[in-house]
Amino acid sequence: MDELGGLVRVCSSGSGFTNVNLGLDVASVSFLGGFCDVGVGGFRVRVGLEDLRGLEGVLSSRDVVFYDLNLGFVVVEVRSNRFYKLVSLGSGAPTLEIDGVHMHRVEGITPWDDARVKVESLGVRRGSRVLDLCTGLGYTAIHSLRAGAREVYTVEVDENVLSIASLNPWSRGLGSEGVWVILGDAFSVVREFEDNYFNYVIHDPPRLSKSTGELYSLEFYRELYRILKPGGRLYHYTGEPGRVRGLKIPSRVASKLREAGFIVEGYSKLTAGVKAVKPLARELQT
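So the sequence shown is numbered by this note's numbering: it starts at 562 and just counts up by one.
Please keep in mind that the hints were generated in silico from the structure rather than gathered at the bench.
We put the CB at the ideal spot given by N, CA and C, even for glycine.
You can take every hint at face value.
Derived BS3-like pairs: lysine-lysine, alpha-carbon spacing no greater than 25 Å straight-line:
#	residue 1	residue 2
1	K771	K646
2	K817	K771
3	K809	K830
4	K817	K830
5	K817	K790
6	K771	K809
What follows is a list of derived Cβ distance ranges for each label pair:
#	residue 1	residue 2	range
7	R711	R614	44 to 54 Å
8	R614	Y758	51 to 61 Å
9	P767	S737	23 to 33 Å
10	R605	S749	39 to 49 Å
11	D746	G653	25 to 35 Å
Using the sequences and the hints given, assemble the complete structure.
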């Protein structure tokens with residue numbers, strides 16, 4: 562909503578520049594005959610100043626709004642059997658809420674930096690191949706590419722999540738060369754990859770529940786072990802120890818990863834997850 566207020570202020574003053582696309586771009590704005598001409602790059606659109614003013618007091622500071630040439634201003638949300646909403650945090654990259662639950666850490670860290678530290682903790686190197694499970698808004702996939710990954714495969718089971726991501730300016734990187742977005746169930750998709758295919762796996766599942774249990778299963782971890790190269794590294798988001806109904810999720814995950822064959826490096830408070838590595842062949846012999 563801050564950006565719409567910026568458009569109103571600039572239009573009311575005649576012309577100028579303001580931030581758009583959640584702070585990623587600067588738009589030129591000019592006012593003529595009750596309309597605002599807004600230009601971003603090679604794209605221009607004309608909107609009514611009164612339409613802009615009419616949104617004030619209607620939208621909340623959490624709302625993210627995009628402009629559709631046919632529909633006008635639309636809040637980025639999807640209502641189906643669940644409620645999906647792109648949520649502004651005041652500045653920078655937004656988060657995704659599903660039924661009111663944040664899909665990113667937002668306390669003491671931004672969603673964008675949350676993804677960045679996860680990728681950095683793995684030490685993703687130039688020319689590597691990364692598997693990113695549970696795409697969400699694609700921030701970890703994008704940071705993997707920025708870190709130098711040659712190929713990033715990212716898997717998302719929910720088409721509504723990808724629909725929200727397609728309207729999020731901070732998710733643009735999902736359309737970059739070298740990124741493959743796969744719509745499908747991660748539990749099934751990983752079976753399609755060859756042995757020893759990936760250098761890194763980033764597993765960022767929803768919180769443990771009856772419907773997500775397969776993503777925390779020994780069978781699934783064995784598949785992740787199979788598709789990682791010897792020496793390949795895994796990051797597994799777990800959340801904080803004991804936070805979910807008193808369950809010690811990190812220790813349970815670590816135990817199953819060891820059973821699957823991984824060397825577990827431990828829980829990282831910085832990333833709220835467990836890191837592990839697939840042993841090199843010589844380590845398996847000792």
